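Student: Each protein sequence line maps, in turn, to chains A and B.
Note that the numbering used here gives residue 1017 to position 182 of the first sequence, counting from 1, and the numbers run on in steps of one.
Note that the numbering used here gives residue 852 to position 17 of the second sequence, counting from 1, and the numbers run on in steps of one.
I should point out that these hints are in silico values taken from the structure, not numbers from a laboratory.
Owing to the predicted nature of the structure, the values given are computational and were not obtained by experimental measurement.
From the three backbone atoms N, C-alpha and C, an ideal C-beta is built for every residue, glycine too.
Don't take every hint at face value.
To be verified - Listed next, the in silico DSSO-like pairs over lysine-lysine satisfying Cα-Cα at most 27 Å (straight line):
1) A:904 with A:1056
2) A:1056 with B:977
3) B:977 with B:1056
4) B:977 with A:1028
5) A:1028 with B:1028
Unchecked claim - Some chain A residues close to chain B (C-beta under 8 Å, calculated; not the full set):
6) 988
7) 1001
8) 1131
9) 1186
10) 1196
11) 1200
Claimed, not checked - Some chain A residues close to chain B (C-beta under 10 Å, calculated; not the full set):
12) 855
13) 859
14) 1271
Protein chains: 2
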Amino acid sequence: MVNTLYLPELREMLAADDSQELREFCSAIHPAGTADFMDGLTPEESWRVLQHADPVVRGEIFHYFDHDKQLAILSSQDRQEIAELVANLAADDRVDLLNELDPAIVQELLALTPSEVRRDILRLSAYPEGTAGAVMTTDIVKLSEALTVRQGLAEVSRQAEDVETIYYLYIVDESDRLRGLVSARQLVSAMGKPDTTLGELMETELVTVDADATQEEAAQKVARYDLLAIPVVDEQHRLLGIITYDDVIDVVREEATRDAQQSAAVAPLDSGYLTTGLLELGWKRGVWLALLFFGGLLTAAALRTYDERLVMWPWLIFFIPLVISSGGNSGNQSATLVITALTTGDIKMADWLRVVRREFVVGLMLGGLLGCCGLAVFWLMGPETRTLQTAAVLPLTLVLVVLCGALTGSILPLIFQRLGLDPALMSNPFVAGIVDILGLLIYMNVALLLLSQVR
Amino acid sequence: MVNTLYLPELREMLAADDSQELREFCSAIHPAGTADFMDGLTPEESWRVLQHADPVVRGEIFHYFDHDKQLAILSSQDRQEIAELVANLAADDRVDLLNELDPAIVQELLALTPSEVRRDILRLSAYPEGTAGAVMTTDIVKLSEALTVRQGLAEVSRQAEDVETIYYLYIVDESDRLRGLVSARQLVSAMGKPDTTLGELMETELVTVDADATQEEAAQKVARYDLLAIPVVDEQHRLLGIITYDDVIDVVREEATRDAQQSAAVAPLDSGYLTTGLLELGWKRGVWLALLFFGGLLTAAALRTYDERLVMWPWLIFFIPLVISSGGNSGNQSATLVITALTTGDIKMADWLRVVRREFVVGLMLGGLLGCCGLAVFWLMGPETRTLQTAAVLPLTLVLVVLCGALTGSILPLIFQRLGLDPALMSNPFVAGIVDILGLLIYMNVALLLLSQVR
């Protein structure tokens, strides 16, 4: 909100080409703040402002632009200038961006970047999206264990500007195999003994992640061990790069969004809600909606089978939505609890029997609760002529349906996990869809059983 | 899995009281790994193993125990030893743990802890749970801006063992007001000019968070600005503590779990799925289930109103579950997309009109799609005698119901956000509940309108 207040002034500076003020604007505050202030500018205008920043700061501010503005600038502005910008971006960010650009433009840009940057980009983009290799950065301090603390400090001080983090120094042998790690904390603590070698200081029990492991595995390790960064290695234990805490925060948030979308039967979006095209949005929802619709046909088929009975006991119809939504809600609760517990590592596959037993007990409790509600409702809204049998239909159905929901909702995600599939796929509304049909069958059969005795 | 293989050996060491081996076990690998290896030990046994670790490592290993083991040890073991352990835990962790202990035990422990630790605990526990103040830590390096780089390095080197992070040094004035920040990176880069003062070096444009802001606000700022830590200040801009990146990762994961549970109509659990009591689990689910059940009564009331018509056109009954689940699914998709976009900051309240317009278009597209499916289904499963009017009921209903779901699902979370309530509350199954009723009313009225002409 506040940010837009400055837009006219910014535009004025641009119109007057006021180099001095624009330079000041670019360097006065944190690059993320500067990027926020430029929110309302077009990509074209933003790029003109950035001309007045020095190259490193230009890259930093650009990093905080929103995704679409970044892509618009990369694909429309002077190739030579863009190639310089790309060389100044963090190694992991630039690969992500280039992956989304028109390949023809990427070729032009690559031809203009220094060979080391180009090699780095090609190496990183070889890893499939979602792997540790694809999110790692290669800007790291690698040192030999023969160096002393004094030499190490000097080396860090020299490289400080170019690397992603100076807080962990990685010790490698001559063929780049990871030998150990010295934290900046250890280095600074050891300043009193400047001739100690890094080999003496380093920790050798390191938590690492393979380049082809999933990004979630890397994120879980960083979270579990409270790391600032985790080294990424190949099968020969060669150090390829690191994943830093800030990328882990992004991975965790991305995952949460993806899981939420998946659990609502939306194929995960590649970009933001507002920037996803309407056709793509329609497609990613329509596929699942249609699938669920055809699954739902089974409910229509089931009801058709019990047609005559429903016409004979029309009050059974009133409670159809109530019965199936109760089962669906209970199943949805169980599925979500089990899925989140699997995600946080709270439960493991070995716990499956305990989970199912717990859901059985809780399902009975909840079913009992809704059964009592059901009895009251029958008294209020049921038919005029009440018998023990007619009164028992709704309560008994609700107990069974809620129990069935709790069991289905807990078992399906466990089965998916066991099969190596994402358990989040088995969240509502798929569970709800399955429980809908089971619930209807339970309802109709309970009614058949109890009411056939009445006639 | 692997971890349990070592349990017999650990137990053997304990039985033999093999001090040497146990000490080695405690110090050989990362404390998180050590804690993993003790997974299968009882709290009592784990505590006996920890006796052989030195106090700082003991605190570190304890930090990685699961929550219940931590509480069991704190409340059952020798008070004096526990008080020493507590003094060695991170300032933010120990407050969280003590908050869950029996207050009588906490009093005993506080009496045994050094006065500075006690004061710190009391200060931190004054902040309500979920605020920035409650998650911050007070173990930080505070320096005066008059110090030189050389003095700063010496001071950092001296304090390195005691503080949570040495990577940011906070510069405060004599009354503790935050003046600026020097990163370890800057300090190390400036080693060549050891007489520069920290005041010259420090950055003064700092991103801070108020102690009574929510922990999510702090997490969002850390994520946005890629910070290692964010300073927490009071209304006089005095530096109270910091929140570090590892706590932010925890907050983001906690939030994701909480949101998922809430969106499945489960009141968020305080602890893990397996450790939550069955009664608590039943209660946290039962309340919502009963609430949704009574909301669902409206569907029964609606159906009762249209009783006669349903008996006359029994094929209308078959499609009741299909119609309401289509509306619910579409509403659920919209609600989840809008809620996650609000959480990630992808859309803001100012975008509401754009969101609603988009949902209108997508809703029409999806409704059209399901409408076509509905026409096919009517042909397959509908009544024998088909007229234009009867054939139009299901398709027209589906278009309207899906559109209604998309609009309801997107507008309700926006309204909740506007009212200052958590939009995640308006996720499925509440949206589904509301759309169920609207869907039924649409279905019955469309049928009434079209079929009254047939008779």
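Student: Each of the hints needs a verdict: does it hold here or not?
Tutor: Verification of the hints:
no. : hint               : result
1   : A:904 with A:1056  : violated (33 Å)
2   : A:1056 with B:977  : violated (31 Å)
3   : B:977 with B:1056  : holds (22 Å)
4   : B:977 with A:1028  : holds (25 Å)
5   : A:1028 with B:1028 : holds (21 Å)
6   : 988                : holds (7 Å)
7   : 1001               : holds (5 Å)
8   : 1131               : holds (4 Å)
9   : 1186               : holds (7 Å)
10  : 1196               : holds (6 Å)
11  : 1200               : holds (4 Å)
12  : 855                : violated (19 Å)
13  : 859                : violated (13 Å)
14  : 1271               : holds (6 Å)
Violation of the numbered hints given earlier is confined to hints 1, 2, 12 and 13; the remaining hints are satisfied by the structure.
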